[in-house]
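Asks: With chain A fixed as given, assemble chain B onto it according to the hints.
Protein chains: 2
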Amino acid sequence: MDQNRDAHPPATRIGIVGYGNLGRGVEAAIAKNPDMAIAGIFTRRDPAQLQPLGASVPVHGMDSLLRHKGAIDVLVLCGGSKDDLPWQSPELAAHFNLVDSFDTHARIPGHFAAVDAAAQAGQTTALISAGWDPGLFSINRVVGEALLPDGATYTFWGKGLSQGHSDAVRRVPGVAGGVQYTIPVPEAVDKVRSGVRPELSTREKHRRECFVVLQDGADADAVRRAIVGMPHYFDQYDTTVQFISAEELARDHGAMPHGGFVIRSGNTSASSKQVIEYRLQLDSNPEFTASVLVAYARAVHRMHAAGQFGCKTVLDVAPALLSAKSAAELREQFL
Amino acid sequence: MDQNRDAHPPATRIGIVGYGNLGRGVEAAIAKNPDMAIAGIFTRRDPAQLQPLGASVPVHGMDSLLRHKGAIDVLVLCGGSKDDLPWQSPELAAHFNLVDSFDTHARIPGHFAAVDAAAQAGQTTALISAGWDPGLFSINRVVGEALLPDGATYTFWGKGLSQGHSDAVRRVPGVAGGVQYTIPVPEAVDKVRSGVRPELSTREKHRRECFVVLQDGADADAVRRAIVGMPHYFDQYDTTVQFISAEELARDHGAMPHGGFVIRSGNTSASSKQVIEYRLQLDSNPEFTASVLVAYARAVHRMHAAGQFGCKTVLDVAPALLSAKSAAELREQFL
Chain A
1 MDQNRDAHPP
11 ATRIGIVGYG
21 NLGRGVEAAI
31 AKNPDMAIAG
41 IFTRRDPAQL
51 QPLGASVPVH
61 GMDSLLRHKG
71 AIDVLVLCGG
81 SKDDLPWQSP
91 ELAAHFNLVD
101 SFDTHARIPG
111 HFAAVDAAAQ
121 AGQTTALISA
131 GWDPGLFSIN
141 RVVGEALLPD
151 GATYTFWGKG
161 LSQGHSDAVR
171 RVPGVAGGVQ
181 YTIPVPEAVD
191 KVRSGVRPEL
201 STREKHRREC
211 FVVLQDGADA
221 DAVRRAIVGM
231 PHYFDQYDTT
241 VQFISAEELA
251 RDHGAMPHGG
261 FVIRSGNTSA
271 SSKQVIEYRL
281 QLDSNPEFTA
291 SVLVAYARAV
301 HRMHAAGQFG
311 CKTVLDVAPA
321 LLSAKSAAEL
331 REQFL
Chain B
1 MDQNRDAHPP
11 ATRIGIVGYG
21 NLGRGVEAAI
31 AKNPDMAIAG
41 IFTRRDPAQL
51 QPLGASVPVH
61 GMDSLLRHKG
71 AIDVLVLCGG
81 SKDDLPWQSP
91 ELAAHFNLVD
101 SFDTHARIPG
111 HFAAVDAAAQ
121 AGQTTALISA
131 GWDPGLFSIN
141 RVVGEALLPD
151 GATYTFWGKG
161 LSQGHSDAVR
171 RVPGVAGGVQ
181 YTIPVPEAVD
191 KVRSGVRPEL
201 STREKHRREC
211 FVVLQDGADA
221 DAVRRAIVGM
231 PHYFDQYDTT
241 VQFISAEELA
251 RDHGAMPHGG
261 FVIRSGNTSA
271 SSKQVIEYRL
281 QLDSNPEFTA
291 SVLVAYARAV
301 HRMHAAGQFG
311 CKTVLDVAPA
321 LLSAKSAAEL
331 REQFL
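Read top to bottom, the protein sequences are chains A and B. The numbering of the first sequence is my numbering, which starts it at 1 and goes up by one. The numbering of the second sequence is my numbering, which starts it at 1 and goes up by one.
Certain hints may be false.
The list treats identical chains as interchangeable, and a pair is accepted whether it falls inside one copy or across any two copies.
[Claimed, not checked] BS3-like, lysine-lysine: derived pairs with alpha carbons at most 27 Å apart: (1) Lys191 with Lys32; (2) Lys69 with Lys159; (3) Lys273 with Lys32; (4) Lys82 with Lys32; (5) Lys191 with Lys159; (6) Lys273 with Lys325; (7) Lys159 with Lys325; (8) Lys205 with Lys69; (9) Lys69 with Lys191; (10) Lys273 with Lys205.
Simulated from the structure, these hints should not be mistaken for laboratory data. Keep in mind that this is a model prediction, so the values were computed, not measured.
Bound-form chain A, shown alone (with noise of 0.2 Å):
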């Protein structure tokens, strides 16, 4: 396979599947990446309704992916975890390699298996869970607990809009729109990277900040007792809610931001604390998601032509397969 690398193989061809946020990101992504390029936007939408950031770029219907299979190296579905991965990712990873983003963090293990079969039985490679969380904080957490047996992790997420909790907010009866950021508490965050190992309840570690806009005539105290006491989503939490208008939230709150923190801090010594610290910082999540999802495409392809079929994860990655450059190159420029 090395041999292959240093030859500068024919460019990586990526189908993508669904044309959301997160397609777009793919297909921004793809444009970064030389040794990449898209074979086809594929869309359940009608495709001449579709307007592609590169105007030369395929679009096709869904129906027509079979069709395609010879001209595609791997897919990237772009679906989301509830509805469209559960049943996307094994049909089609019986017929192609590929990478999703399935995030429901309790149904993974289900998803891997079924995903697994479909990939075995047709000597597909097919990459599972990656993104930032899950995904590199999932690196994170389990390199970090391989190097420090003898400690703590903890995840931070934020400063970050949270599509989940902002779509609560906006099914509260009386809301017109919506927004919800999680925030880390910053005193939280000092003591975990000091080392001392704090416990710290879900109200410590995190707070929540919701900008609403109301309906006509909706009651705002009401509004904001609905969303402050709602169970999981803001009972346990600290949060504050600020009524804005229609504007006010078009205006400031289009952008999906997110990031977040795994801080790793253990003992190696009874004296000697070591704390690891992963951080992103992230202006748009979707782009940055669809930027994790491409490098790991690379992977894919690369871990397929060694003929290592079935399902992956972030996990059985090596880094040195999500670098365009050649092995010898990265060890000479980056070791």
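Replies: Here is chain B on its own, set in the frame of chain A:
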């Protein structure tokens, strides 16, 4: 291999070659990992004079190493990159799986070639240049570039004790003892974190702080000038020199803290900056480096069992191989 891992195989038996700070750190790290065991410590000194941390740990002369071959799964080499590893790693890779921490960046390709030839011939697996830089920082440089190809990577070191620069200070005529700390310049770190991709000179990134004990009758001003003007080591930096007593040196500067940051910032679109940061804060540089070597020894043992012979680096190791847990446990608990 997964099946073996799920069945909890016998411990990985480690031979420690060399017993300075790093060797002691490896012994301490193995004690924190229930799936690892010490086969023995091998030294060029008189074995009877060595005091391992664990009273029951066997100590042998280096010349007996080959006789213990059947009792050792992986050697962890704890010698220096200048005098020991260039000949030791190729020589021992002919007979043993091993991990070394070779850190002379410019000589890594040559070292790789020598070790690879020996390991291919001996059908062993030999991982070179493990640790945190080269090592964990290298991984983050490679992955950062792969995820954000339109971007820039910055490495900052410190605050930490630099062995090489401390040695240089101690060679200055008139110096009885001393240490040197490398310190990242906060303004530079902040600028990099903001995602603006600044061009930074050597002087703008780090400053150097020396604590020096003078010999009786030495000229403080001459010593200071000799240090701050020393080519390569200090002349390109803002360096401060503080004179202290031998007691203060022993009391306040005996620890070996270190650490640093790898920051990748890049754009996924014109309006979206993304910043990835990997940070280490280490109370003890040798103990942490030792913990990294031990985790990679676990991976080397598995790669050898899977028939992956030859020279490897941290860039070739999938995260799951570093963990004592099975692939299924990792997917369930960490993804």
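Asks: Against each hint, give a clear statement of whether it holds in the structure.
Replies: Hints versus structure:
1. Lys191 with Lys32: between (39 Å within a copy, 24 Å between copies)
2. Lys69 with Lys159: Neither: 41 Å inside a chain and 53 Å across chains, both beyond 27 Å.
3. Lys273 with Lys32: between (40 Å within a copy, 14 Å between copies)
4. Lys82 with Lys32: neither (30 Å within a copy, 40 Å between copies)
5. Lys191 with Lys159: Close inside one copy (18 Å) and across copies (19 Å); limit 27 Å.
6. Lys273 with Lys325: Result: close only across copies, 23 Å inter versus 36 Å intra.
7. Lys159 with Lys325: Neither, since 33 Å and 32 Å both go past 27 Å.
8. Lys205 with Lys69: neither (47 Å within a copy, 50 Å between copies)
9. Lys69 with Lys191: So lysine 69 and lysine 191 fail the 27 Å test inside a copy (52 Å) and across (46 Å) alike.
10. Lys273 with Lys205: Both ways: lysine 273 and lysine 205 sit 22 Å apart in one copy and 26 Å across, limit 27 Å.
Of the numbered hints given earlier, the model fails hints 2, 4, 7, 8, 9; all others are met.
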